[in-house]
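*Asks:* Okay, here's what each chain looks like letter by letter:
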Amino acid sequence: MPGYSRALAVLAALSLVCMALSVSVGSASLSVGDTFAVLTGTGTPIQQTLVLELRLPRTLTGFATGGLLAVAGALMQVLLRNPLADPYVLGLSGGAAVGALLAMMAGVAGAVVSGSAFAGALLATFLVFGLAHGTGSWTPSRLLLTGVVVAAGWGALIALILAMSPARQLPGMLYWLMGDLSPAANPVPGLILLTLVCLLVFPLGRSLNVLARGPMQAAALGVSVRPLEWTIYILASLLTATAVTMAGSVGFVGLVVPHMLRLVLGNDQRLILPACAMAGGSLLVLADTLARVVIAPEQLPVGVITALLGVPTFLYLLYRSR
Amino acid sequence: MNPLQARELVIDIPGRSSGQPLNFTVGPGEIWGVLGPNGVGKTTLLHTLAGLRPPRSGSVHLGGHSLVEWKRRQVSQQLGLVFQDRQDGFPATVLETALIGRHPWLSPWQMESAEDVGKARAALEALDVGQLRDRLVNTLSGGERQRVAIATVLTQSPDTWLLDEPTNHLDLHHQVAVLGLLRARARKGCSVFMCLHDLNLAARWCDHILLLFPGGEACWGESRQMLVPGALERLYGQKLRTAEIDGAPVFVPAGNSDPQSS
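Protein sequence lines, in the order shown, are assigned to chains A and B. All the letters of the first sequence, read from the start, carry residue numbers 1 to 322 under our numbering. All the letters of the second sequence, read from the start, carry residue numbers 1001 to 1262 under our numbering.
Chain A on its own, in the form it takes in the complex:
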């Protein structure tokens, strides 16, 4: 459909602009011309280092994280048929945080923290979906409530870990909790996963559209509901776990981005999911640029900016919902 290609082209252009902005802006500003020169292989060595080793990886990590979180949020919203679902609200980020903080408290760093966060996110997913499944049926409201309660439990554990940790580790922990892109991770796995998911959701997209009308209706129209639900659930958990592993607990991207896009583009998942990948990436890249310049040369954690955007949006949605 021509409208779809146009929307996606606009979003792709927006993504490129945001990334160019993020690479150019910072404590040492580069002109667009300078940035372009570096990317095409010329430019001074200092500019080369600044762009290619510091800013570009951080920008790409931000883009991958935002894209993964937005797609994960959109998938969970279809799964639960509830526009308020989001990896953060369902406690997946909380589980990841507990995993990461425990690793930090044990005094390890780097890949172990990431791996522990990944394990925590998966554990949280199985806990929430397992408990919500329970002995009865798997109703969306029960799943959402279970997620909210479990998230509160993670919150308490996080507070406990913070209280028990040595003071010198607290700043790192707090930055992780607020979502932070400054220890830029390797963006390549995240970007690959994001691309794969966008390709995968196209053939799944129409089934997801039908599933959004309810499982019975979907089954009546030929969708194999249970396998599809498990696919979405595992996919969303994997995306979330990858995202929190890269950037810590960044809230509300998964909530705000899909909702905004649905208002503008409607609810065809074949359009919304790739659009979420690009818009979510752009939003987080922009938020991170803001986080770097608002109180420069100090940096804010990017999660603070997304939460400041996300909380009013969430409240507005709740206020408007019936």
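In short, the hints are calculated from the structure, not lab data. Honestly, I wouldn't trust all of these hints.
Derived CB-CB ranges, DEER-like [unchecked claim]:
1) B:Asp1085 x A:Ser224: 20 to 28 Å
2) B:Ala1248 x A:Gly130: 50 to 58 Å
3) B:Pro1003 x A:Ser224: 20 to 28 Å
4) A:Phe126 x B:Ser1017: 33 to 41 Å
5) B:Ser1057 x A:Met164: 54 to 62 Å
6) A:Arg226 x B:Gly1064: 21 to 29 Å
Here are some, though not all, of the chain A residues that point toward chain B, as calculated from beta-carbon distances under 7 Å [what the hints assert, rightly or not]:
7) Pro203
8) Val210
9) Ala212
10) Gly214
11) Met216
12) Ala219
13) Ala220
14) Leu221
15) Gly222
16) Ser224
17) Asn267
Going by beta-carbon spacing under 10 Å, a handful of chain B positions derived as facing chain A [said to hold, decoys possible]:
18) Glu1096
19) Leu1106
20) Trp1109
21) Val1153
Idealized CB from N, CA, C, for every residue including glycine.
Mind docking chain B on chain A? Use the hints.
*Replies:* Frame of chain A, contents of chain B only:
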């Protein structure tokens, strides 16, 4: 077409004894009406016939093969179901809603073609909701939503139609229009199987009737043999008065002068 058949079918309602097994075939061109009091299992029966719930025992067959042997997608190309209640988590327009009826007919990689959109529009026009096609479904009235749901199954164009109280929320004119449309489908060789609450609509439009009694008994057959006042009074626990208009019986509940019977 592959006719829908219930073989020794017992529907599964938790905490209810099994009752009498059902054995019937809904042949091409036939219009079946299911009558019974609230909670007797009419909706469960429809869902079981559509393969959405497993039966307690027995089986449902489509053209000689058990439903479970068919792929879900193949079933949905042959069998459409209009639900009694609909949930809509996300806003969708009327045209988008009707268009999901094409889902069984498209491969995962296909987008809806202009032809599919044409079918959805024609179905909406046939149900007299064509002018609403860009409205959001959740802003429609109950009757309009009911007609959109029927238009969705018309877009799906199955051979066998299962409908759960298709005249719910509809005004008199649209009740007749919807049942007329179903009769037109039946004349083209489709079969129709629907739950109804209105005896008079059943008497006028259905050629076969299935009565589900609260005790688990059931009986089925041609309308004129089933729609007799004695059986219907026992079915609903309600005294009836009968008249005849244009060759079809008309049933009216008797006044509640006798409190025992109401």
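*Asks:* Next, verify each hint and record whether it holds.
*Replies:* For each hint, the structure was consulted:
1. B:Asp1085 x A:Ser224: 20 to 28 Å: For Asp1085 of chain B and Ser224 of chain A the Cβ distance comes to about 23 Å; the hint holds.
2. B:Ala1248 x A:Gly130: 50 to 58 Å: Hint holds: Cβ distance 56 Å, inside 50 to 58 Å.
3. B:Pro1003 x A:Ser224: 20 to 28 Å: At 25 Å between Cβs, range holds.
4. A:Phe126 x B:Ser1017: 33 to 41 Å: Because 39 Å falls inside the window, the suggested range holds.
5. B:Ser1057 x A:Met164: 54 to 62 Å: holds, 59 Å
6. A:Arg226 x B:Gly1064: 21 to 29 Å: Given about 27 Å between the Cβ atoms, the range holds.
7. Pro203: holds, 4 Å
8. Val210: Cβ of Val210 of chain A sits 5 Å from chain B, so the hint holds.
9. Ala212: holds, 5 Å
10. Gly214: holds, 5 Å
11. Met216: holds, 6 Å
12. Ala219: Check passed: Cβ of Ala219 of chain A comes within 5 Å of chain B, closer than 7 Å.
13. Ala220: Constraint on Ala220 of chain A satisfied, holds at 4 Å.
14. Leu221: holds, 5 Å
15. Gly222: holds, 3 Å
16. Ser224: holds, 5 Å
17. Asn267: This interface hint holds because 5 Å falls under the 7 Å limit.
18. Glu1096: At about 7 Å, which falls below the 10 Å cut-off, the nearest Cβ of chain A leaves the hint on Glu1096 of chain B intact, so it holds.
19. Leu1106: holds, 7 Å
20. Trp1109: holds, 6 Å
21. Val1153: Because about 9 Å separates Val1153 of chain B from the closest Cβ in chain A, which is inside the 10 Å limit, the hint holds.
Hint compliance for this structure: no hint is broken.
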